[in-house]
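There are 2 protein chains.
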Amino acid sequence: MKKLLFAYLLLIGLFVLYVYQYQSDNTTNSQWSDYELRGTIDENYVMVTFQSGIDYWKRALKGFEDAAEALNVSVEYRGATQYDVDEQITVLEQVIAKKPAGIAVSAMHPVALNDVINKAIDADIPIVTFDADAPDSNAHSFLGTDNFQAGVVAAHKMAELIHERGEIGIVTHPKQLNHLERTRGFRETLASEYPHMEVVSLTDGRGDQMTSKEVVDEMIRDYPDLKGVFASEANGGVGVGQSVLEQQKKDEIHIISFDTDKGTLDMVKEGVISATLAQGTWKMGYWSLQHLFHLQHGLASKMEAGTSLPRFVDTGVTIVTKENVDDFYPNE
Amino acid sequence: MKKLLFAYLLLIGLFVLYVYQYQSDNTTNSQWSDYELRGTIDENYVMVTFQSGIDYWKRALKGFEDAAEALNVSVEYRGATQYDVDEQITVLEQVIAKKPAGIAVSAMHPVALNDVINKAIDADIPIVTFDADAPDSNAHSFLGTDNFQAGVVAAHKMAELIHERGEIGIVTHPKQLNHLERTRGFRETLASEYPHMEVVSLTDGRGDQMTSKEVVDEMIRDYPDLKGVFASEANGGVGVGQSVLEQQKKDEIHIISFDTDKGTLDMVKEGVISATLAQGTWKMGYWSLQHLFHLQHGLASKMEAGTSLPRFVDTGVTIVTKENVDDFYPNE
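Residue numbers (UniProt numbering), protein chains in the order written: chain A, 1 to 332; chain B, 1 to 332.
Rather than coming from a laboratory, the hints here were simulated on the basis of the structure.
Heads up, a few of these hints could be off.
Claimed, not checked - Using C-beta positions, here's what the derived DEER-type ranges look like:
#1 322/B with 109/A: 30 to 40 Å
#2 118/B with 164/A: 48 to 58 Å
#3 53/A with 323/B: 40 to 50 Å
As the list claims (entries may be wrong) - No more than 30 Å apart at the CA atoms, straight line, and that leaves these computed lysine-lysine pairs for DSS-like:
#4 157/A with 3/B
#5 3/A with 3/B
#6 269/A with 250/A
Said to hold, decoys possible - To list a few chain A residues with every Cβ distance to chain B over 10 Å, as calculated:
#7 42
#8 84
#9 89
#10 162
#11 164
#12 221
#13 251
#14 272
The beta carbon of each residue, even a glycine, is placed where N, CA and C say it ideally should be.
Work out the full structure: start from the sequences and follow the hints.
Structure representation (structure tokens):
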């Protein structure tokens with residue numbers, strides 16, 4: 001009889017424990033709001049690029065993946081293997097056919113992808129552009145570098161390096177809008193804020209290492225007092241570095257370049273390139289997924305009439321010099 | 001004996017149930033990553049403005065509150081009651097003393113608040129600026145309207161309204177940077193894209209309704225063929241509306257104004273003001289809190305060296321016309 005009593009008591013005890021646990025579970029759930037920032041693993045978001053093999057995208061994809069972990073959703077990476085706009089259109093069409101939860105695309109052409117981007121919108125698939133925009137498409141937002149601002153940052157850094165005084169050359173790629181903007185930001189800042197710095201030469205390096213080296217060879221001959229060169233993209237920067245090395249002007253001419261491919265980082269480490277501007281590629285990926293998640297979950301319409309998304313997110317640039325260059329080599 | 005056996009069986013059954021539930025709880029937990037987007041209710045984020053009573057802040061605060069619900073944290077609203085920079089500094093100091101989880105501040109002066117903003121940074125309190133920036137402070141990011149872009153939007157809308165042809169006047173407030181930028185975006189867009197539209201008059205309305213009315217009275221006398229007026233802020237816009245009404249030019253002159261206070265919305269409803277530009281104030285609040293949360297939880301350093309925050313988020317503008325004006329009246 002005592003044993004039976006004991007068993008009953010234990011039973012009641014466990015029942016109480018069970019009820020208690022059930023209730024505390026409910027408390028936890030009720031703390032969750034209607035628009036919690038947590039998805040499900042079967043929600044699949046896709047990042048689409050071009051030249052899918054290059055290192056440049058790795059940090060963007062890492063940001064996309066990190067956001068997926070924070071939001072508890074899945075991601076996938078697809079890209080045109082070549083620098084080929086038709087291939088990117090085909091890849092996008094394949095991705096759209098699978099009806100993913102959202103697409104982040106870096107548009108290799110500012111106009112050619114408009115139709116396929118709008119096709120995603122028509123199929124109710126959230127889509128944003130990152131790194132390279134398609135401004136006339138219906139993509140919900142763009143996350144990337146404000147290139148004019150990046151040029152402003154480069155100008156201030158150059159002023160610091162040459163103590164606000166001296167002749168400057170620019171090697172750019174005048175056919176691409178992002179390079180024009182970088183150059184404009186650089187020149188306008190020098191013109192308005194640094195009266196003792198003068199842009200004496202503005203040349204076309206065609207985004208090519210060899211061409212850039214040649215135009216700077218000539219620039220150094222024409223302007224023996226040159227104190228600095230701003231290269232608006234990475235191949236040009238390496239070409240400028242080779243020219244300056246060959247002409248033994250390493251200690252006289254400060255170079256500021258763009259992006260963080262291995263060739264550029266090595267030259268920063270060796271002190272040939274004084275500084276390079278790293279784009280916020282991780283942030284592009286991370287905040288792209290945040291935007292897509294907000295669209296997919298209709299958080300916009302739940303919370304506020306219209307869209308809850310900023311039109312443009314400037315992911316900014318970071319100045320990379322000898323001091324912090326090691327942080328920018330890929331870990332693999 | 002049978003009863004005892006039954007009791008034991010029940011006991012074992014309940015125990016199994018208990019263990020099962022315990023495990024399923026653990027499974028739920030393990031789905032959460034290290035950097036989940038979920039805080040605790042005792043995390044208190046503070047929004048600080050100036051002229052705290054005005055309607056303008058309501059949507060920003062709503063965005064801040066909505067993000068707090070999504071992220072499971074608490075928020076508080078504080079503001080200088082007056083348009084007084086010393087009062088705002090005092091309020092900020094009081095807020096900093098309480099060591100909140102983060103601060104979003106609309107800086108009523110672009111420089112005067114730098115010290116107190118940096119004081120928050122020094123005390124390890126995350127701080128961002130929204131709506132009005134303090135660009136030389138150490139605030140982590142700025143979330144607000146790109147005023148140049150807003151001027152571009154206004155120019156395209158004006159072109160549509162007057163069929164890309166005619167004389168235009170501008171009433172602005174040339175002492176404030178945001179108004180200069182709006183005017184610059186408007187003028188540069190007309191100059192570069194609309195050869196048959198001409199800005200014939202650019203006047204200072206001093207941010208005042210009466211002054212703006214008077215300058216436009218004169219403008220209409222001087223330019224009887226005037227087809228449109230762009231007012232870069234709301235008081236000016238209402239003044240322009242009064243002038244146009246009084247001179248019975250309502251059907252001849254299109255007005256584009258800025259912001260969505262009641263006076264402006266009423267004039268849009270009556271067809272006196274053709275369009276006004278609503279700033280993304282809800283988004284400013286919502287994404288400010290997202291940024292502060294990322295800083296407070298050190299998501300930056302967990303995920304990526306450096307900061308995970310965009311430098312600048314352009315919350316954009318929405319064109320408000322007769323068609324959608326009702327969505328912009330406050331609900332209360």
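These are the hints, each one checked on the structure:
1. 322/B with 109/A: 30 to 40 Å: holds (38 Å)
2. 118/B with 164/A: 48 to 58 Å: Taking Cβ atoms as reference, residue 118/B and residue 164/A lie about 25 Å apart, which means the hint is violated.
3. 53/A with 323/B: 40 to 50 Å: Holds, since residue 53/A and residue 323/B (Cβ atoms, about 48 Å apart) stay within the stated range.
4. 157/A with 3/B: Not satisfied, since the Cα-Cα distance of roughly 86 Å exceeds 30 Å.
5. 3/A with 3/B: holds (11 Å)
6. 269/A with 250/A: holds (13 Å)
7. 42: holds (13 Å)
8. 84: Non-interface label stands for residue 84/A: nearest chain B Cβ at 30 Å, farther than 10 Å.
9. 89: holds (28 Å)
10. 162: holds (22 Å)
11. 164: Holds: least Cβ distance 18 Å, greater than 10 Å.
12. 221: holds (37 Å)
13. 251: Residue 251/A clear of chain B: closest Cβ-Cβ about 30 Å, beyond 10 Å.
14. 272: Nearest chain B Cβ is 24 Å from residue 272/A, so the label holds.
The structure does not agree with the numbered hints 2, 4 stated previously, though it agrees with the rest.
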